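Chemist: Each protein sequence line maps, in turn, to chains A and B.
The first sequence begins at 1 in this note's numbering and counts up by one.
The second sequence begins at 1 in this note's numbering and counts up by one.
If you are wondering where the hints come from, they were derived from the structure by calculation, not from laboratory data.
On a predicted model such as this, the values are computed, not experimentally measured, just so you know.
Any given hint could turn out to be false.
One-sided excerpt, in silico: chain B residues whose CB lies under 7 Å from chain A [unchecked claim]: (1) Leu26; (2) Lys27; (3) Arg38; (4) Trp104; (5) Ala110; (6) Tyr118; (7) Gly271.
Output of the computed footprint for chain B on chain A, the stretches with three or more beta carbons under 8 Å from beta carbons of chain B [what the hints assert, rightly or not]: (8) 71–80; (9) 117–128.
Even glycine gets a Cβ: it sits at the ideal position worked out from N, Cα and C.
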Amino acid sequence: MQTMAATQQLWQTGPQQPPATIAASLDGVSKNYGAVKALRQVDLKVRAGELVALLGPNGAGKTTAVRLLLGLAKPNAGRVNVFGGNPLHPKVRMRTGAMLQVAKVPETLRVKEHIDLFSSYYPTPLPPAQTLACAGLREIADRRFGDLSGGQKQRVLFALALCGDPDLLFLDEPTVGLDVEARRALWEEIRKLVARGKTVLLTTHYLQEADALADRVVVINRGRIVAEGTPNQIKQQTAGKRIRCVSRLELPEIHALPGVLDIRRDRDALQIDVVDAEPVVRELLRRDSQLAGLEVATAGLEEAFLALTQDPGRGSETNPDTRGK
Amino acid sequence: MATASEVLISSSAPVRPARQTLRIYLKEAKYEFLKNLRIPRYSISVILFPLMFYILFGLVMGRQPVNGVDITAYLIPTYGVFGIMGASLFGTASSLAAERGLGWLEVKRASPMPPFAYFVAKFVMSAIFSGTVVVLLFAMGIAFGGVRLPAAETLQIIVTLVAGSVPFCSMGLALGYFVGPNSAPAFINLIYLPLSFCSGLWVPFIFLPRAIRHIAQVLPPYHLAQLALDIVGAGQHQSNWMHWEVLIGFTLICLGIACLGYQRDENKLYG
């Protein structure tokens with residue numbers, strides 16, 4: 001059985017892909033904010049026409065990567081390239097749209113007014129009616145921004161990203177704070193963009209979202225890219241199982257078994273996260289004939305994702321105490 | 001679909017046709033105006049406070065002459081300066097502070113908006129409100145204060161005061177780069193109100209205590225008020241060139257400070 005660390009090594013070279021035009025890239029980019037290393041030696045390529053999901057927990061460096069690609073931050077090392085140029089250049093900006101996380105948007109302007117203004121910045125914007133339709137804003141075009149619900153506000157920000165009909169869109173946590181229905185509706189709109197040939201880089205901390213949308217998932221944690229592949233490859237890597245049982249075996253003994261990612265005591269029972277259930281269950285039964293209350297479940301996506309973003313060097317020997325950090 | 005290979009970025013070619021650039025500037029200004037017009041805290045107070053003060057101190061208090069003109073006429077330029085200062089300072093400083101502090105400016109910066117359009121829009125918006133205040137002051141004075149000035153002088157005062165919004169918009173930009181989004185209005189009032197009093201905008205200059213009359217000599221609103229008063233011959237008869245010099249110098253200093261703030265943001269927020 002492969003250990004996590006070994007698998008990750010394998011994946012950092014990336015799957016074989018046919019050569020395609022690079023729409024945007026970070027080459028060996030590092031970015032520090034004071035003592036905080038937001039990105040460390042990151043290589044990221046977004047090919048024309050694909051949807052890349054930058055997946056990682058909060059504080060992983062996702063927003064920093066987007067800000068660098070938008071020219072809102074300068075790298076301490078490495079090169080940022082968008083459409084073969086500097087992201088600061090107005091001609092590059094005319095081909096990109098951005099949905100950023102923003103604390104406050106002018107509230108007294110109407111939805112259609114915000115869109116009218118942002119459309120005017122671009123050489124060939126979408127007709128306003130189409131922008132409104134794409135973002136599902138037709139019914140609320142005359143409402144003031146301040147009177148909108150959270151989901152509607154997100155949709156307006158989405159509309160501002162796409163109204164200029166740019167070739168490349170950056171969506172920073174587009175569905176954060178949305179309910180399930182609103183999230184699915186926005187996913188549908190993002191899919192339509194890609195179907196129209198747009199290139200999209202979106203950041204998310206939901207594995208499910210990356211899975212639902214992306215051609216390629218780049219997992220980032222603590223400023224480093226820890227895995228990269230198709231959603232299926234990522235899911236395989238994170239498709240762990242969780243074993244529950246009551247056993248008299250000691251925690252360290254179980255933890256030392258191959259394929260055990262994590263273990264903790266939950267009241268009387270033990271909760272063991274593993275890569276594959278069968279070998280571990282076999283071994284547990286062999287060592288403890290009294291073992292009782294055995295249950296095997298597919299680990300939640302989020303748990304599995306945590307396993308993936310644990311410190312790479314420590315891979316399969318994670319201390320139970322550091323879980324969920 | 002366009003691909004990366006066809007992007008050739010030549011820095012010499014203009015980014016967009018001049019006509020389109022002009023259209024962006026106009027739209028930016030229009031929406032900046034609508035945005036503020038719909039904020040009653042801004043639009044109502046910026047217009048009503050100078051009018052209310054003018055009614056109380058100019059129309060209600062009676063008509064004694066000041067420097068050879070009726071107080072009702074004298075106070076139009078001074079409350080006009082008070083009005084344009086409010087429109088300009090609140091119109092630029094509080095919105096800039098809020099927008100750069102709460103992320104909206106970042107969204108705009110990430111877009112292909114011409115950067116200057118954002119600032120020019122605030123100047124234009126403030127000038128429109130400034131003009132409105134001054135015109136309304138004249139309307140009040142003419143209707144209820146018996147003010148009878150030749151049309152040419154009236155127009156000259158309006159133009160001078162609207163042009164005088166530029167130094168205070170510049171001051172607003174400088175402030176907007178150095179105050180927080182929530183503290184901005186309070187901070188502005190803390191500067192705006194004493195500055196107005198000491199410049200002789202509320203009470204005619206000649207009624208101010210001696211010490212304050214000395215202080216007024218270094219305050220930009222005093223110099224703008226003197227330029228406007230001089231049009232009706234009610235100023236302190238100092239050199240108009242000196243007034244202009246002070247105002248231009250003040251504008252340049254404020255813009256310099258705003259540039260420092262801009263650079264600071266470039267390095268800190270966007271560095």
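Chemist: All the hints need checking, so say for each whether the structure fits it.
Modeler: Checked hints:
1. Leu26: Hint violated; B/Leu26 Cβ to chain A Cβ min 9 Å, cut 7 Å.
2. Lys27: Since chain A brings a Cβ to about 5 Å from B/Lys27, closer than 7 Å, the hint holds.
3. Arg38: holds (4 Å)
4. Trp104: Holds, because the Cβ-Cβ distance from B/Trp104 to chain A comes to roughly 6 Å (cut-off 7 Å).
5. Ala110: holds (4 Å)
6. Tyr118: Constraint on B/Tyr118 not satisfied, violated at 11 Å.
7. Gly271: holds (6 Å)
8. 71–80: Holds: 4 residues of the region 71–80 of chain A have a Cβ under 8 Å from chain B.
9. 117–128: Satisfied; 6 residues make the cut.
Taken one by one, the earlier hints fail for this structure at numbers 1, 6, listed in ascending order.
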